[in-house]
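> Start from the sequences, fold in the hints, and give me the full structure.
Each protein sequence line maps, in turn, to chains A and B.
Mapping to the working numbering: the first sequence position 12 is 258, numbers consecutive.
Mapping to the working numbering: the second sequence position 32 is 1077, numbers consecutive.
Everything labelled a hint here was simulated from the structure, so no lab data went into it.
Even glycine gets a Cβ: it sits at the ideal position worked out from N, Cα and C.
Heads up, a few of these hints could be off.
[Stated by the list, open to error] Covered stretches of chain A (chain B as the covering partner; in silico rule of three or more C-beta atoms under 8 Å from a C-beta of chain B): (1) 319–331; (2) 346–355; (3) 448–460.
[Stated by the list, open to error] Calculated pairs, BS3-like style, for lysine-lysine (alpha carbon to alpha carbon, straight line, at most 30 Å): (4) A/K355 to B/K1188; (5) A/K352 to B/K1148; (6) A/K352 to B/K1290.
Chain by chain, the residues:
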Amino acid sequence: MATYHKFLQVEGLHKSFATENEIKKVLQEVSFEMTFHDSLAIVGPSGCGKTTALLAIAGLLAPTKGTVCFQDRIITAPNRSIALVLQEYGLFPWKTVKANIVLGAKLQKIIFSDRWLEAVKNELDIGGLDDLYPAQLSGGQRQRVALARALLLNPQLLLLDEPFAAIDTVTRERLQNQLLKVFQQRRFSYIIVTHNIEEAVFLGKRIIVLSNGIPSINRIIHNQGMGETDYRNKPEFFDRTKELRTILEEMP
Amino acid sequence: MSSGRQILTYSITVIIIFVLWYILSLVLGSSLLPDPFIVFLRGFQEIATADFWLHVEASSFRLLAGLSIAFILAVPAGLVLGSNPKLDNLFAPLIYLGYPIPKIVLMPIIFVIFGLGDTGKIVLLTMIVFFQLLITTRDSARKITKEIVLSFESLGGTRWDYYLHVVWPVSLPGVFTSLRIGTGTAVAVLFFIESIATSRGLGAYIIDSWGRADYATMFVGIIALSSIGIVLYEFFDLLERKFSKWKTQQNANTRR
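Quick look at the structure:
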């Protein structure tokens, strides 16, 4: 059914910013591929360019060198099939929950049915919040609203930038489960940027470890066992977590 | 604040002012400061005359025209400048220079160019309110965070959508605040320009009564001009509560 050759191909991505007295290289020679209905976690210390890589894939940041190809097309601007969820949720405080959720669809002139909207809201447990403003929600609710806004667009690639960073542990795990559930019910791929070891192991079929070295990709961990919510209790989960922790601790 | 409580607050304030006024008029003597009953009696006589309403109409028209034109010119300009750093830098020197100049000292020049009629007065009012509105609107538009910009761009909106869904609603509370502040300034300026070479308008009405030592009528004019200010102020407050519900609700939350 797929009319493209490769779902996502990131090749030789470089990004540097000119600061006052030097050129700061944030990303160097980052290359990886992704298939459809795949998941990827990107981890690494602060300043390793995790978010930069994500924004480049989202088409919101032009790389200094290299390309991002999505379904065989080079990304130069935001793509309709790619949705982004940011750490601070990126919700608009002046719009109600409902207006926030439907905004993306409205801007892209996508017609959706009320049933579809209700289904997305139910999946994320945010029914009955329609008329509230983001400031009246808890962190967990806000993040679910941001997810709903992205999912309403029925994206093929979902990009998540430390989405659960500001949320307490219990809610965070519940949201991780919810993301996994939605991922299994619908068909899309996602990339999650996180600094949380357990989160990376729980949510990424592959885990890319970024460092400040050259190239930026320090290691890729294959994590085939993930995919079920009880993965957290399996010995494999502990092994992967330990492996990832060791890599991160040994990093300069 | 509910409108019921607001009416109560206003009523109490008015009563306190009356009592103080009455006491002061007893102390100073009613030839210098007529007591509120005399003024009110005169007020009822005045509002029955067509002449009084012509003054009210002239003042209201100038005030509304000045505020409206300033709004139409300043708000879009402020939104564009606030969300385009390059343009903003280009015009910043002009605004820095223009804002602190007391526009009221330009009155003679404006009156020479535009005449002593309504046009000259409205131009002056517009100029004074314009800068206040422009600067507040621009500064509120500048407050948009990177997070919001990225989030909006990823949703695939156009530039026009960006103004409509982001810049405008973000700046709106600031616009209302500056409209309220602008109302105060505009009423003060209006009084000043109506007191010069003018026969119509509440400013002229007050100055004229003052000249005739008719203090009761003078106070009627003062109250009428103040009322116009209060009505406009409350009107903008009402609009803010209606159109910037998220902000007023947020303020209510933090106050709690």
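> Give a verdict on every hint.
Going down the list of hints, with the structure as the test:
For the stretch 319–331 of chain A, the proposed coverage by chain B is satisfied: 5 residues have a C-beta within less than 8 Å of a C-beta in that chain, meeting the threshold of three. Check on the stretch 346–355 of chain A: 4 of its residues sit with their Cβ under 8 Å from a Cβ of chain B, so the three-residue criterion for coverage holds. With a threshold of 8 Å between beta carbons, the proposed coverage of the stretch 448–460 of chain A by chain B is violated, since 0 of its residues qualify and at least three are required. Pair hint A/K355 plus B/K1188 holds up; C-alpha atoms about 28 Å apart against a cutoff of 30 Å.
With a C-alpha separation of about 45 Å, the suggested pair A/K352 and B/K1148 falls outside the 30 Å cut-off, and the hint is violated. About 21 Å separates the Cα atoms of A/K352 and B/K1290, which keeps this hinted pair within 30 Å; it holds.
Going down the numbered hints, you'll see the structure goes against 3 and 5, while the others check out.
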